[in-house]
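*Asks:* Sequence:
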Amino acid sequence: MLNFEKILINWPIIPVGLAIVLVIVALPQILRLLVIFRENIATSETQKIYQRIINPDQALLQSIILLLLADIILLVTHRLVPKLQSINIIEFPVGLSVSLVIGWLGYRLVERFFKIYLTEITQNGQKLNSDLLIVAKGLTFFLFLFIIITIFSQAHEINIFGLIASLGISGVAIAFAAQKTLEQLLGGIVLYLDRPFMVSDYIGLPDGTFGKVESIGLCSTKIRISGKGTLMVVPNNYLGFAEKVSPKFMPLLTKNFLTNQ
Numbered sequence: 001m002l003n004f005e006k007i008l009i010n011w012p013i014i015p016v017g018l019a020i021v022l023v024i025v026a027l028p029q030i031l032r033l034l035v036i037f038r039e040n041i042a043t044s045e046t047q048k049i050y051q052r053i054i055n056p057d058q059a060l061l062q063s064i065i066l067l068l069l070a071d072i073i074l075l076v077t078h079r080l081v082p083k084l085q086s087i088n089i090i091e092f093p094v095g096l097s098v099s100l101v102i103g104w105l106g107y108r109l110v111e112r113f114f115k116i117y118l119t120e121i122t123q124n125g126q127k128l129n130s131d132l133l134i135v136a137k138g139l140t141f142f143l144f145l146f147i148i149i150t151i152f153s154q155a156h157e158i159n160i161f162g163l164i165a166s167l168g169i170s171g172v173a174i175a176f177a178a179q180k181t182l183e184q185l186l187g188g189i190v191l192y193l194d195r196p197f198m199v200s201d202y203i204g205l206p207d208g209t210f211g212k213v214e215s216i217g218l219c220s221t222k223i224r225i226s227g228k229g230t231l232m233v234v235p236n237n238y239l240g241f242a243e244k245v246s247p248k249f250m251p252l253l254t255k256n257f258l259t260n261q
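Per this note's numbering, the sequence shown starts with residue 1, numbered consecutively.
The hints are simulated quantities; they were obtained by calculation from the structure and are not laboratory data.
Don't take each hint at face value.
Restricting the straight-line Cα-Cα distance to at most 30 Å, the calculated cross-link-like pairs of lysine-lysine (DSSO-like) are [said to hold, decoys possible]: (1) Lys180 <-> Lys222; (2) Lys137 <-> Lys222; (3) Lys244 <-> Lys212; (4) Lys180 <-> Lys228; (5) Lys228 <-> Lys244; (6) Lys222 <-> Lys244; (7) Lys115 <-> Lys48; (8) Lys180 <-> Lys212; (9) Lys180 <-> Lys244; (10) Lys115 <-> Lys222; (11) Lys228 <-> Lys137; (12) Lys115 <-> Lys83; (13) Lys212 <-> Lys222; (14) Lys137 <-> Lys180; (15) Lys137 <-> Lys48; (16) Lys228 <-> Lys212.
For each label pair, taking beta carbons as the anchor points, the in silico distance ranges come out as [what the hints assert, rightly or not]: (17) Ile147 <-> Met232: 40 to 46 Å; (18) Ser97 <-> Lys244: 52 to 58 Å; (19) Gly240 <-> Ile72: 50 to 56 Å; (20) Ile116 <-> Pro206: 26 to 32 Å; (21) Gly229 <-> Arg52: 52 to 58 Å; (22) Pro93 <-> Met198: 49 to 55 Å; (23) Ala136 <-> Gly240: 41 to 47 Å; (24) Glu111 <-> Pro196: 50 to 56 Å; (25) Glu183 <-> His156: 37 to 43 Å; (26) Glu183 <-> Glu111: 26 to 32 Å; (27) Gly240 <-> Pro56: 20 to 26 Å; (28) Gln51 <-> Leu231: 40 to 46 Å; (29) Glu214 <-> Asn159: 45 to 51 Å.
Beta carbons are placed, not taken as given, at the ideal position from N, Cα and C, and that holds for glycine.
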């Protein structure tokens with residue numbers, strides 16, 4: 001009588017072969033589904049987004065789907081037959097490769113999306129805060145990467161949250177050390193959300209200084225002082241008390257400002 005467990009241990013290549021066969025069989029169906037999905041998207045705007053952002057990496061997306069199917073088969077096989085350690089040796093690098101490729105694809109999609117967004121805004125003549133755009137792009141990719149790491153760690157029973165908790169203490173220490181920078185950063189976010197003034201507006205600062213806003217950055221704002229022409233860099237957390245001034249009052253304010261100097 002054959003020992004089934006012994007056969008499985010001696011033939012770990014069987015699930016690997018099944019994974020390869022299933023991937024090959026599923027390849028035509030996956031390609032057909034991708035074509036149907038692309039041709040039957042509801043709105044023209046969505047089709048436009050797909051063509052400009054996703055379609056350039058369609059071949060990479062197909063490869064990711066195939067690798068993901070193979071990894072799922074190997075992972076399920078390892079869970080059903082945990083004594084097959086050789087499957088785990090094969091599955092872990094495959095899963096890691098899938099995660100890295102998905103991360104690379106996510107980086108390309110995020111980079112392409114913000115590049116197209118920036119180009120369209122520039123063509124429309126709209127003013128854009130490049131610092132905030134860079135932060136938004138970084139946060140989007142960081143969130144995407146965090147989701148990938150979380151899924152990979154949970155699938156392979158890695159306690160990623162325990163590692164994050166241990167790093168939290170170091171994060172608190174860094175936050176205290178960078179308190180001023182964080183205040184300026186939060187001030188920039190508040191300015192972007194509330195928009196108390198825009199570039200080219202005239203504002204008055206709490207110390208009685210008046211000037212024209214030349215640029216609004218993430219941590220600081222550049223103001224051209226009226227009457228002097230001096231360029232002042234002001235931290236954004238200080239501009240919460242700034243007042244917007246009508247341009248028609250600027251000659252009078254400039255005269256009073258120069259008189260008091």
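*Asks:* Decide, hint by hint, whether the structure agrees.
*Replies:* Hints and how they fare:
no. : hint                          : result
1   : Lys180 <-> Lys222             : holds (18 Å)
2   : Lys137 <-> Lys222             : holds (23 Å)
3   : Lys244 <-> Lys212             : holds (10 Å)
4   : Lys180 <-> Lys228             : holds (29 Å)
5   : Lys228 <-> Lys244             : holds (19 Å)
6   : Lys222 <-> Lys244             : holds (15 Å)
7   : Lys115 <-> Lys48              : holds (15 Å)
8   : Lys180 <-> Lys212             : holds (25 Å)
9   : Lys180 <-> Lys244             : holds (25 Å)
10  : Lys115 <-> Lys222             : holds (25 Å)
11  : Lys228 <-> Lys137             : violated (38 Å)
12  : Lys115 <-> Lys83              : violated (49 Å)
13  : Lys212 <-> Lys222             : holds (9 Å)
14  : Lys137 <-> Lys180             : holds (23 Å)
15  : Lys137 <-> Lys48              : holds (21 Å)
16  : Lys228 <-> Lys212             : holds (11 Å)
17  : Ile147 <-> Met232: 40 to 46 Å : holds (42 Å)
18  : Ser97 <-> Lys244: 52 to 58 Å  : holds (55 Å)
19  : Gly240 <-> Ile72: 50 to 56 Å  : holds (52 Å)
20  : Ile116 <-> Pro206: 26 to 32 Å : violated (41 Å)
21  : Gly229 <-> Arg52: 52 to 58 Å  : violated (44 Å)
22  : Pro93 <-> Met198: 49 to 55 Å  : holds (52 Å)
23  : Ala136 <-> Gly240: 41 to 47 Å : violated (22 Å)
24  : Glu111 <-> Pro196: 50 to 56 Å : violated (32 Å)
25  : Glu183 <-> His156: 37 to 43 Å : holds (40 Å)
26  : Glu183 <-> Glu111: 26 to 32 Å : holds (30 Å)
27  : Gly240 <-> Pro56: 20 to 26 Å  : violated (43 Å)
28  : Gln51 <-> Leu231: 40 to 46 Å  : holds (44 Å)
29  : Glu214 <-> Asn159: 45 to 51 Å : holds (50 Å)
Hints 11, 12, 20, 21, 23, 24 and 27 from the list above are not met by this structure, while the remaining hints are.
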